[in-house]
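*Asks:* Given these sequences and hints, build the entire structure.
For the record, the sequence lines run as chains A and B. For the first sequence, the residue numbers in our numbering are 1 to 782. For the second sequence, the residue numbers in our numbering are 783 to 1048.
None of these hints come from the bench; they were simulated from the model. Be aware that one or more of the hints could be misleading.
To be verified - Which residues of chain A face chain B? A few of them, derived with a C-beta cut under 7 Å, are:
no.	residue
1	Y25
2	I77
3	L300
4	A649
5	T650
6	V694
7	D708
8	A710
9	T769
10	D771
11	W774
What the hints assert, rightly or not - Selected chain B positions facing chain A (Cβ under 7 Å, derived; list incomplete):
no.	residue
12	G846
13	M850
14	Y858
15	F932
16	A962
17	S963
18	V1038
Computed from a predicted model, the values in this text were never measured in an experiment. Cβ atoms here follow ideal geometry from the backbone N, Cα and C, with glycine treated the same way.
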Amino acid sequence: MKADGIGARLARKEDKRFITGKGRYVDDVRVHGMTYAHFVRSPHAHARVKGIDISEAMGRPGVLAVLTGRELVDDKIGNLICGWMVHSKDGSPMKMGAWPAMAPETVRFVGQAVAVVIGETRNQARDGAEAVIVDYEVLPAAADIKAAIAPGAPQLHPEAAGNAVFNWSIGDDKAVDAAMSKAAHKVTFELENNRLIPNAMEPRAALAEYNEAEEHFTLHTTSQNPHVARLVLSAFYNIAQEHKLRVIAPDVGGGFGSKIFIYPEEMVALWASKKVGRPVKWTSDRTEAFLTDAHGRDHLTKATMAFDANHKILALRVDTHANFGAYMSLFSSSVPTYLYATLLSGQYNIPNIYAEVTGVYTNTAPIDAYRGAGRPEASYLLERLIETAARTFKVDPAELRRKNFITSFPHQTPVIMAYDIGDFNASLDAALKEIDYAGFPARKEKAKKEGKLRGIGFSCYIEACGIAPSKAVGSLGAGVGLWESAEVRVNPVGTIEVLTGSHSHGQGHETTFAQVVADRLGIPANQIQIVHGDTDKVQFGMGTYGSRSGAVGISAIVKAMEKVEAKAKKIAAHQLEASESDIVIENGTFKVTGTDRLMPLASVALAAYTGHNLPDGMEPGLKEGAFYDPTNFTFPSGTYVCEVDVDAATGKTSFVDFVAVDDFGRLINPMIVEGQVHGGLVQGIGQALLERAVYDNSGQLVTASYMDYAMPRAEDVPSFKLQHTTTLCPGNPLGIKGCGEAGAIGAPAAVINAITDAIGNNSLEMPATPDRVWHAIQSGRA
Amino acid sequence: MYETIYHRPSSIDEAAALFAKNEDGKYLAGGHTLIPVMKSRLAAPSNVIDIGRIPALIGIEAAGGTLMIKAATTYYDIMSSTQVKQSIPAIARLTSMLGDPQVRARGTIGGSIANNDPAADFPAAVLALGATIRTNKRDIAADDFFKGIFTTALQDGELITAVLFPLAAKAGYSKFRHPASRFALTGVFVAQSKGGDVRAVATGASQSGVMRVGEIEKALKANWSAAALDSVKISPDGLLEDIHGTAEYRANLVKVMAQRAVESAE
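*Replies:* This is the structure:
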């Protein structure tokens, strides 16, 4: 292994600026003449906007403008879009209500913007916003799925009768019925997948500038995908033309999916910068983040799994209601459908699967992709079901899983996905060994003597990453292709810039991407600069989400590197008077194999740019681009096992051990991969033990601050024991699968399975707060 | 935050005079309650009077069977104090469990008591130990001081200068943290006075703020042991109920935390 190459635990290049406070985030950017936006937001979950009186606000010091939803309509600014079309099982397209960036007529969740005040200072804009008088006619609200689908429920959008966006299905209903009728055992389970709020460390922000003479906009924004933001802002909203809009996503402090989407505030800032004729900055405060960032999860599910007499799975039937909030966010429709139900086979050979998903409007913040996006919901459901089955059958949960594992690849599931490779026994075996499963009964006995309830829980997850083959997602309703782009520029002195369409907001791309290039050329990683996040610098790219940047983004870089290397070899062969096929790349040199004749990379690069002595007909320069479209999804998988102690007197859970064995294919930087797994596990434990967004019946967000929304802290999580088993992904050049979401996908079921094992009561919802666990212990005793 | 005028008096009298002179003034000590509500524009005092640096309000003295902690002494100074550890170790323990290092570096005992947050730790200790609250005007017995959540016997402008704790035979504190805020979801302070009186005070649990728990006091007076509480049943009536804990759960915690407080008592 090379010191800076693939497999090296290289310290992150970006961390020096992050940990010394030298990162440059949107709110750090200041421009001449900058003004500030403050939004007037609805205090009601559902209300008609009867009138907005801006006269007093306009008279406040420093207030430059007060803009309302009516002016958005007058300026023909488009409504927010949902970029993935899902059809109901009856063939009808999903029923979307309009989402204007500021509500001209009706507000449908607490926090929805109705007007914006532009002020000379942040405080003046806020003072102005307090003086805007909005006359609301309060309407009844439907604050959760059950309330929204109840007979006589308040109707959110005229387009969606009964608040149903779609009733979608996948799989073979009749085949599942037939298999169920022959089953020896059936296990039925109902659960809620708790609603989460992403809580990126950096809240969303936008700084919009309009240059009147050039008719050109610049938008600094907290985006995971600046080109997608530019495309959507220009193609659908009628604010700027694509070639007259530069989108810059500089350092971004975490996204977890929530910064994929185009939100009203960024749109309005862009539009307002032209109306006011001054640059406009908006920075979300933490309360606004709670109220308006796209939330995650929120499913109600009933599922039945059928087994034969030998405990082999015969069929799975799933009925899920998925909350979408008040409006369909950018990729929301794909999350509880194609990113969820296509993973319902898990690691198991399930011959028949049928799932129905009903999308529901509620008077709550929009819900969209959040770390894992659909896959945590699928994995949690399956792993709770199979654990429940093992308890029902009184068989070893590890062995019941093993009995049903898919062991031959490729494997076509009944729900679209074709798993290319994996070794589920390998990760299960490694996990059992690491946690000393054989010794568990003795440990449980010992804990019992010490007055503790000890439990162990498994989760064998699989997910689909490398999102995604464009043709495949196109056929499923995606409005975009999901390839990735790269350009490799070798400078005349031999240093290299890599322009990637991926975007790093914590993932460490500046290090791992450089390692891939360093590995190929045998040069130090610090000779390579990764450029991302600016539509004026970087060619069109699709951005970072769905654990795709390794499998898709790096593959594009590899493709561009192959072109660069091929041209460089031609130049070296020409100058060294050798055959091109004899040139090998070693330690930053182009060498004639078997000889000591060589040219350093810098000499080849200089030759390319002087053009003095190139092969006949060759263009000068050494710069190549590539677009990489994946051939299949990738399928990271693994086994998580955790052991917990529950304090019966208080219901408090504490971790004894947590083992995570993942198969991510090739690892570029194992240290960064471990960091990604740690972060994912903590978010997964957060969902299992702590986090829950709660709206009251009137649609007020009860958990609108950290006083009530419980984020995991260092003291809440154990030291994780991580291992990797490896099957290389056959679908991309380096065999990468992706690692960003695995922890959040696999952890919740392991934790809940362990707690329910400890307390001997399988009836427990997430988050398993001490209160809930204590009540479960009490009702188990009753 | 709205604009406000900041004052930094150097004496208690100057602070009181500033308060009297300015309409709509607020005392600021550690600022952990006042500053967040000002930042979220829920409070807008025209004048903020910072008493956190008045020398006469800072310090700890132990003499004649009494531990005196002056009002603007920070939690960090209290938990690190040898005098506190030696005279009433349960107070050092309580303080070390309060908030996080940043909170402990700024927060003050006087601020905690004057605010009387229903989940604050110090009111439990003050009431259980039968302390005396000294102000710039008078001495107030703990029994007369706490008047329900966020409400005390303090008059407008009256400033706590110190809290005087009688040394106890035994005292202990145990709390169960709120999953989100990490305040006390329920905390219980138990104390046995040198005269043999027993008090058990719960915080975080009751709708009316810090409260003495008669059933526990009775059982512990008969037999000062955790086991003595095994058969005690706490009623959930009047206890708080929210997404983090039912009243029934809090009632259970009152008993369990009392047992653990007894076990930790020294």
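*Asks:* Hints first: check each against the structure and report whether it holds.
*Replies:* To see whether the hints hold, each was checked on the structure:
{"no.": "1", "hint": "Y25", "verdict": "violated (20 Å)"}
{"no.": "2", "hint": "I77", "verdict": "violated (30 Å)"}
{"no.": "3", "hint": "L300", "verdict": "violated (18 Å)"}
{"no.": "4", "hint": "A649", "verdict": "holds (5 Å)"}
{"no.": "5", "hint": "T650", "verdict": "holds (6 Å)"}
{"no.": "6", "hint": "V694", "verdict": "holds (5 Å)"}
{"no.": "7", "hint": "D708", "verdict": "holds (5 Å)"}
{"no.": "8", "hint": "A710", "verdict": "holds (4 Å)"}
{"no.": "9", "hint": "T769", "verdict": "holds (6 Å)"}
{"no.": "10", "hint": "D771", "verdict": "holds (4 Å)"}
{"no.": "11", "hint": "W774", "verdict": "holds (6 Å)"}
{"no.": "12", "hint": "G846", "verdict": "violated (40 Å)"}
{"no.": "13", "hint": "M850", "verdict": "violated (33 Å)"}
{"no.": "14", "hint": "Y858", "verdict": "violated (19 Å)"}
{"no.": "15", "hint": "F932", "verdict": "violated (15 Å)"}
{"no.": "16", "hint": "A962", "verdict": "holds (4 Å)"}
{"no.": "17", "hint": "S963", "verdict": "holds (5 Å)"}
{"no.": "18", "hint": "V1038", "verdict": "holds (5 Å)"}
The earlier numbered hints that this structure contradicts are 1, 2, 3, 12, 13, 14, 15.
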